[in-house]
Amino acid sequence: MGTPIKIRENYKSLTGVEKSAVIFLALGEERGSRLMERLDEDEIRLVSRAMATLGNVTSNLVETLMRIFTERFANAGSVIGSYDSTERMLNRFLPADRVTEIMGEIRGPAGRTMWEKMSNVNEGVLASYLAGEYPQTAAVILSKMRADHAAKVLVLLPPAIRTEVIERMIQIESVQREVLLDIESILHNEFMANYARTHGNDSLERMADIFNRIDRETLTEIFDDLETVMPEPTQRIKQLMFTFEDLMRLDRVSLQAVIRRCDTGQLAIALKGAPAAQRDHFLSVLSERARLILLDEIENMGPLRMRDVNDAQAEIVRVAKAMADDGTIIIPQSDDADTVVY
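As numbered in this note's numbering, residues 19 to 360 make up the sequence shown, in order.
FYI, nobody ran anything at the bench for these hints, they're computed from the structure. Mixed in with the good hints there might be a few duds.
[Stated by the list, open to error] Cut-off 16 Å, straight-line C-alpha distance, at most; resulting in silico cross-link-like pairs (EDC-like, lysine to aspartate or glutamate):
hint	residue 1	residue 2
1	Lys339	Glu263
2	Lys290	Glu263
3	Lys339	Glu223
4	Lys170	Asp344
Because the structure is a prediction, the values reported are computed rather than measured.
Produce the complete structure using the sequences and hints provided.
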């Protein structure tokens, strides 16, 4: 027997997010999707999860929800947006600690922008700075940053300091608004201003990452224009970029791992438009059977637009970069010091 379908008919049994999900579904795909476009990613995720697990909602319950919704809307008259009304609304469907975090970001002078900036600061530089701060201050800063970047910074702190900071992060509760404002002010006036002066290369790394995602035809035009006005930064950006050609620098095992992660069709398109030396290098790391299958797919493929080839190659580069980010492979640097000798 299959799993019985969940039937929802009790208004009080629905959470706030589930009520929103019912209204979205009742509005239909066209109107509901237009309304959903106005939500942020976290809200979309919450509502989507509720929609997917809602089950069968009776017509009576839908009618009740829509009636209550329209009555409240019609009787509202004028509305006043304020911090308090926003906080009360958030408290209806979010955990208290998440509401505190969101409201703190909204109320702060630098707000979320400052913590996003901190999450993009080089982890080594940030670890050196935090090592000289009070452990409680470091704990607050790391607690407000993105978890993935905070993890990178933590491992670089001296062990004794790291333990103190972690202890305070574990014990941390809601931080007073005045304390957050003071920390944000210090970060803005002292750390970020100094960091911007001494670590301008981060902007070049950021541009290299952006340019890695642009098709080659457009990128060639961009570089032609940039080189006439900013020759040195343009050359540095080119050195920082990771391209399809750079996959040739991967060792045999790493390249095999990338190939296994890629879609075979995309790989065939990418190699069909690649120079013979690159194509042969990819094929050389495959088993005899896999090589023959891929060769057959390449040879039986019709004419391709170069744009499709560039897109396929860019996708394979994205796969390789993602694998490097999670530590599955190591991408060697282009200088001689990092060359592997066999």
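- prompt: Among all the numbered hints in the text so far, which are the ones the structure does not match?
  reply: Every hint satisfied by this model.
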